[in-house]
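Line order of the protein sequences matches chains A and B.
Just so we're on the same page, my numbering is the position in the first sequence counted from 1, plus 4.
Just so we're on the same page, my numbering is the position in the second sequence counted from 1, plus 42.
The hints are simulated quantities; they were obtained by calculation from the structure and are not laboratory data.
All of these numbers come straight from a predicted model, not from anything done at the bench.
We put the CB at the ideal spot given by N, CA and C, even for glycine.
Fair warning: there could be bad hints in the mix.
Stated by the list, open to error - These stretches of chain A come out as covered by chain B in the derived footprint (C-beta under 8 Å, 3 or more residues):
| # | stretch |
| --- | --- |
| 1 | 162–175 |
| 2 | 181–191 |
As the list claims (entries may be wrong) - Derived list of chain B stretches under chain A, where covered just means 3 residues or more per stretch with a C-beta under 8 Å from a C-beta of chain A:
| # | stretch |
| --- | --- |
| 3 | 99–111 |
| 4 | 120–133 |
| 5 | 141–149 |
| 6 | 153–165 |
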Amino acid sequence: MSAAPALAASTPAAGPRAGLFARRVAGRVAALLAVALAWEGLVLLLGIRPFYLPRLSSVLAAIAASPGAYAAGFLRTLAETLIGFVAGGAFGVAVAVAFLRLRALREMVFPLFVVSQTIPVIAFGALVVLWFGNTLIAKAVIAFYLTFFPVTVNALIGLESVDPRQIALMRSFGASPRQILLRLQLPSALPQTFVALRLAASLSLVGAIVGEWFGDTTGLGVLLLQAMYNENVVAIWAALLVSALLGTGFYSAVALLERRLVFWGAEQ
Amino acid sequence: MLRHQDDAPAPAPEPLIELKGVDKTFGPVKALSGLSARVGRGEFVTVVGPSGCGKSTLFNIVAGLEEPDPGGALRFEGRSCHAADLLGRVSFMPQRDLLLPWRTVIDNAILALEIEGRPRKEARAEALRMLPEFGLAGFEAQYPHQLSGGMRQRVALMRTFLFERDLMLLDEPFGALDALTRTLMQRWLLDVWQRHRRTILFITHDVDEAIFLGDRVLVMTARPGAVKLEQRIDLPRPRRPDLVTAPEFIRLKRTLLEAIEEESLKSFQIAEEKIR
Numbered sequence: 005m006s007a008a009p010a011l012a013a014s015t016p017a018a019g020p021r022a023g024l025f026a027r028r029v030a031g032r033v034a035a036l037l038a039v040a041l042a043w044e045g046l047v048l049l050l051g052i053r054p055f056y057l058p059r060l061s062s063v064l065a066a067i068a069a070s071p072g073a074y075a076a077g078f079l080r081t082l083a084e085t086l087i088g089f090v091a092g093g094a095f096g097v098a099v100a101v102a103f104l105r106l107r108a109l110r111e112m113v114f115p116l117f118v119v120s121q122t123i124p125v126i127a128f129g130a131l132v133v134l135w136f137g138n139t140l141i142a143k144a145v146i147a148f149y150l151t152f153f154p155v156t157v158n159a160l161i162g163l164e165s166v167d168p169r170q171i172a173l174m175r176s177f178g179a180s181p182r183q184i185l186l187r188l189q190l191p192s193a194l195p196q197t198f199v200a201l202r203l204a205a206s207l208s209l210v211g212a213i214v215g216e217w218f219g220d221t222t223g224l225g226v227l228l229l230q231a232m233y234n235e236n237v238v239a240i241w242a243a244l245l246v247s248a249l250l251g252t253g254f255y256s257a258v259a260l261l262e263r264r265l266v267f268w269g270a271e272q
Numbered sequence: 043m044l045r046h047q048d049d050a051p052a053p054a055p056e057p058l059i060e061l062k063g064v065d066k067t068f069g070p071v072k073a074l075s076g077l078s079a080r081v082g083r084g085e086f087v088t089v090v091g092p093s094g095c096g097k098s099t100l101f102n103i104v105a106g107l108e109e110p111d112p113g114g115a116l117r118f119e120g121r122s123c124h125a126a127d128l129l130g131r132v133s134f135m136p137q138r139d140l141l142l143p144w145r146t147v148i149d150n151a152i153l154a155l156e157i158e159g160r161p162r163k164e165a166r167a168e169a170l171r172m173l174p175e176f177g178l179a180g181f182e183a184q185y186p187h188q189l190s191g192g193m194r195q196r197v198a199l200m201r202t203f204l205f206e207r208d209l210m211l212l213d214e215p216f217g218a219l220d221a222l223t224r225t226l227m228q229r230w231l232l233d234v235w236q237r238h239r240r241t242i243l244f245i246t247h248d249v250d251e252a253i254f255l256g257d258r259v260l261v262m263t264a265r266p267g268a269v270k271l272e273q274r275i276d277l278p279r280p281r282r283p284d285l286v287t288a289p290e291f292i293r294l295k296r297t298l299l300e301a302i303e304e305e306s307l308k309s310f311q312i313a314e315e316k317i318r
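Whenever a hint applies, use it, and build me the whole structure from the sequences.
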């Protein structure tokens with residue numbers, strides 16, 4: 005061949021990349037430790053009363069005293085969040101595809117979606133609990149309610165921003181609308197969809213916890229509410245800490261999935 | 043409108059595709075008006091013309107993406123047809139490479155085969171055998187963003203070649219490349235074309251490129267587009283790079299440039315009149 009292939013970008017070796025990752029993790033752990041030490045130290049140093057801010061060690065001790073309750077709450081809330089998130093994400097993408105195909109449907113239904121999102125989640129939550137009772141599904145429905153709308157909007161933006169020349173090329177190959185959707189439009193919309201999914205990761209947790217406030221026996225929201233009624237500040241902080249752990253973990257998992265699936269970045 | 047050069051022999055006996063008196067209007071804009079052209083089997087025809095002359099509209103019709111206005115005739119393989127019948131029967135390469143960033147080189151190359159319903163494994167094996175010919179050996183697992191512009195263009199060309207259709211449409215495939223890569227790619231394309239013997243319709247802005255590659259050059263008029271001049275290129279093949287300085291080449295180039303110049307001036311005047 006006359007034109008010799010010239011490698012444009014060298015593949016980065018595994019070594020430095022792994023090293024970089026280890027350093028980033030180490031950096032984050034160090035930052036967390038610093039915050040923990042500052043928390044503990046400042047409370048002791050400034051003599052802050054436990055009513056305003058308990059020591060970190062006493063919060064951790066509270067969790068250690070009844071690990072079963074916190075673990076059960078964690079798992080229960082995780083299940084509600086996850087079901088609501090997955091259902092909301094799938095529904096959001098499906099509706100975006102339907103809106104893309106059927107303009108009339110979009111013009112009819114989209115305004116209703118917007119109205120539904122202006123109803124405060126608390127008001128809506130009361131209804132959902134009446135409909136579904138104090139079940140896990142009721143909480144998942146509230147998480148779903150907060151999740152699907154941003155996913156619909158962003159997936160639709162992503163689907164619509166596909167280069168028309170790319171669609172023309174697929175059509176010239178004789179591709180059916182289904183093939184164009186699966187091989188071109190959905191993958192193209194992935195980066196934009198994940199922007200919403202990251203947002204939805206936090207929102208679905210909010211939905212689940214708020215849902216639990218309408219009445220239940222397990223869950224992080226229940227732990228929070230009980231602690232509040234009992235004015236047990238340490239327990240409030242304990243529930244808060246576990247919720248933060250759940251929220252951060254869930255968000256990180258979604259972000260990791262995004263890095264795996266959208267490896268090509270916002271190229272082009 | 044159609045003016046044959048005196049030295050142009052009769053066109054090939056069996057045209058693969060033929061357009062007769064084709065019009066195309068987009069709202070108030072007339073993009074094509076009475077365009078007639080034919081491409082014989084195995085022929086390499088290049089199309090040049092002033093910018094905005096409807097070259098891309100012509101291509102979109104032949105690719106099946108755009109239906110011409112009723113009245114004109116479109117024939118493929120001797121049978122009259124609608125433009126939409128050509129979808130999936132012509133291998134089309136647009137100006138930009140349009141590679142899918144989430145697919146590797148090999149998976150981009152087999153996209154059209156996959157759409158046809160060929161098993162992925164079989165298609166990959168076929169593409170893998172073709173890689174060296176396209177200067178891509180060893181790059182099958184790379185992603186588009188890891189490649190240079192010339193290589194991306196070759197992946198796109200390979201995708202077009204793998205989609206084995208009698209007629210190939212290339213829309214300024216080398217337009218975005220630097221001059222040196224461009225001449226390399228032209229020679230390489232001629233090489234591949236001679237081995238695979240496909241029929242090629244090739245749009246370009248570059249008169250040198252049109253003469254160097256083509257058996258015939260079609261010069262288009264300013265909008266509304268039609269064929270102004272059909273010039274047979276009787277330069278011997280295989281064509282060597284130094285051909286561009288040969289007297290016959292220069293003579294052909296002068297003829298073509300004159301025709302294009304006339305049309306460019308026309309479109310300029312039209313634009314000026316509109317401003318007034």
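Hints, one by one, checked against the model:
no. : hint    : verdict
1   : 162–175 : holds (count 7)
2   : 181–191 : holds (count 4)
3   : 99–111  : holds (count 4)
4   : 120–133 : holds (count 5)
5   : 141–149 : holds (count 3)
6   : 153–165 : holds (count 5)
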